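Chains as they are written, first to last, in the UniProt record's numbering: chain A, 1 to 476; chain P, 1 to 99.
Treat the hints as calculated values from the structure; they're not laboratory data. Predicted model only: the values in this text are computed from it and were never measured. Hints may contain errors.
Straight-line Cα separation of at most 25 Å, BS3-like style, residue types lysine-lysine; simulated pairs [to be verified]:
#, chain 1, residue 1, chain 2, residue 2
1, A, 94, P, 76
2, A, 165, A, 48
3, A, 344, P, 28
4, A, 344, P, 94
5, A, 165, A, 290
6, A, 233, P, 12
7, A, 56, A, 14
8, A, 88, P, 76
Which residues of chain P face chain A? A partial, calculated answer using Cβ under 8 Å [as the list claims (entries may be wrong)]:
#, residue
9, 24
10, 80
11, 95
Backbone N, C-alpha and C define an ideal beta-carbon position, used for all residues, glycine too.
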Amino acid sequence: MELHELTITQAHEKLVNREISAIELTEAFLTRINKLDKEIAAFLSVFKDSAISQAKEIDNQISQGQEISMLAGIPLAVKDNILIEGEKCTAASKILENYVAPYDATCIKKLKETGVVFLGKTNLDEFAMGSSTENSAFKITHNPQDLSRVPGGSSGGSAAAVKAKECISALGSDTGGSIRQPASLCGIVGLKPSYGRVSRYGLIAFASSLDQIGPLTKNIEDAKIVFDVISGKDELDSTSVEKPKLQTTNYKLQTIKIGVPKEYFREGIEPEVEKVIKKFIQKIEKEGAKIEEISLPHTKYALPCYSLIAASEASANLARYDGIRYGTPNTEHETSNLLDAYLKTRGEGFGDEVKRRIMLGTYALSSGYYDAYYLRAQKVRTLIKKDFQKAFQEVDVILTPTSPFTAFKIGERAKSALSMYLADIFTVSINLAGLPALSMPCGEVQGLPVGLQIIGKSFREDEIFEVGSFFEKLNS
Amino acid sequence: MISKKEVNHIAKLARLGLGEKEIEKMEKELSLILDYFNLLKEVDVSGIEPAFYSDERFKESPARDVMREDSVEESKKAKKLLDSVPETKEGFVKVKAIL
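Assemble the whole structure, with the sequences as input and the hints as a guide.
Below, the structure written as structure tokens:
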């Protein structure tokens with residue numbers, strides 16, 4: 001087996017048994033990036049030298065007979081909205097083109113402690129706003145399965161890098177589907193943990209009541225390994241909590257109650273995608289799983305509800321990019337006043353989609369419209385949460401398609417903001433409700449991957465992993 | 001629907017300098033999106049509490065419960081943070097004249 005094919009557990013075993021060195025492993029991926037990334041364009045920066053020296057450190061530890069952790073020497077990529085001290089962090093925006101991170105994000109700090117090797121930073125839609133990675137100010141990432149298609153987004157660079165085996169695993173962030181949807185479109189595994197499970201300290205904020213950091217990996221086992229390291233309470237993110245990580249034992253497919261919401265198979269879903277998902281559900285039913293049709297009646301309101309709340313929070317979070325605290329100062333107009341400087345820096349520094357969302361959010365929060373838009377959306381959010389609470393009284397996990405369609409052509413949806421928003425129609429309600437959800441490959445339509453979304457109860461990632469592992473075995 | 005005048009007003013509130021063409025484009029696009037948002041108007045929300053807290057625990061416990069201790073310590077990040085600021089003067093963030 002070639003080195004870039006290895007999963008985390010496989011690579012770890014080979015490192016421990018001294019079949020391979022950490023340097024060989026890292027170099028295999030750097031070579032691969034060098035060879036493939038001109039076409040795929042998953043990376044915004046590659047840390048060749050520091051990656052090699054990190055790997056060397058692990059080799060030293062191994063040769064001294066030290067015990068190494070599961071992630072030691074494992075080459076990882078990181079979405080470029082997560083801070084790694086001393087490295088650029090651009091959020092794929094012109095306004096942060098030269099911004100160098102002054103500290104490590106908490107998840108990065110934790111990964112560094114385990115001895116992970118960071119290969120580089122991956123492309124995204126500017127400030128994580130988008131579903132195709134076409135909104136980056138720097139480059140468009142291509143889907144490794146079909147280069148004429150998008151990898152999904154906004155963690156499209158991370159998903160493409162994992163799929164193209166340019167890294168073993170990657171970190172992404174998910175505000176409305178930004179880990180799960182690209183995982184689905186690229187045919188890999190992506191987990192959005194429960195709200196509060198992973199510290200967001202050092203993540204460039206988009207919508208703070210929705211954002212979560214999570215792993216993109218080759219399989220479920222790897223997702224669990226990375227999740228275990230990055231999760232936990234952090235005093236630097238007051239929304240993070242210490243919840244016991246439950247271990248499910250003697251879990252049997254036959255004893256799990258699985259809910260399938262009928263609203264997810266009504267409108268917007270491509271018939272071929274629906275067929276693949278339904279076929280898969282039949283397959284697990286044959287294995288003895290109890291499938292129950294459930295109803296999440298407010299599903300159709302999730303997308304406008306999410307778009308409004310996310311845009312509102314974004315308009316506040318992005319106020320800091322003013323050319324004074326961040327961004328390029330406006331030196332051409334020395335005589336201009338403060339307001340003009342703001343207008344110019346922000347008008348030139350942000351891309352179209354970011355401006356659109358700042359405008360929408362500012363509108364929804366502005367005097368006279370607050371009640372009609374923002375407040376109403378927050379009330380609808382309560383109803384969406386209640387739908388899930390009710391459903392989870394009957395079932396253990398919920399299955400849905402991750403995306404209504406497979407990877408679309410580059411340029412196909414970029415012209416219309418609304419048609420792009422529809423890419424997240426099956427993922428946004430999970431963020432609104434703060435639940436954990438994972439996307440895993442479950443079939444193909446004309447050679448393009450279809451993702452299955454497994455939604456769990458709050459803080460029950462363990463059940464998602466168990467169920468996912470069953471499905472993975474069935475599919476192999 | 002949103003008028004050109006409103007787009008100009010919102011752009012100013014948002015501190016976004018938009019060109020004439022951008023304003024026109026924004027007027028069309030925002031109108032379409034706001035139209036779609038109107039879907040929320042058909043939901044009966046009477047008597048429903050807004051979900052300002054994505055996790056109930058924030059609602060149940062007073063905010064101070066999730067705050068860390070208010071202790072003074074020296075930050076090692078200060079210099080690095082200032083280094084990432086576009087313009088500084090004598091250890092302060094430089095701002096353009098307001099008046």
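Violated hints - listed by number, lowest first: 1, 5, 6, 9
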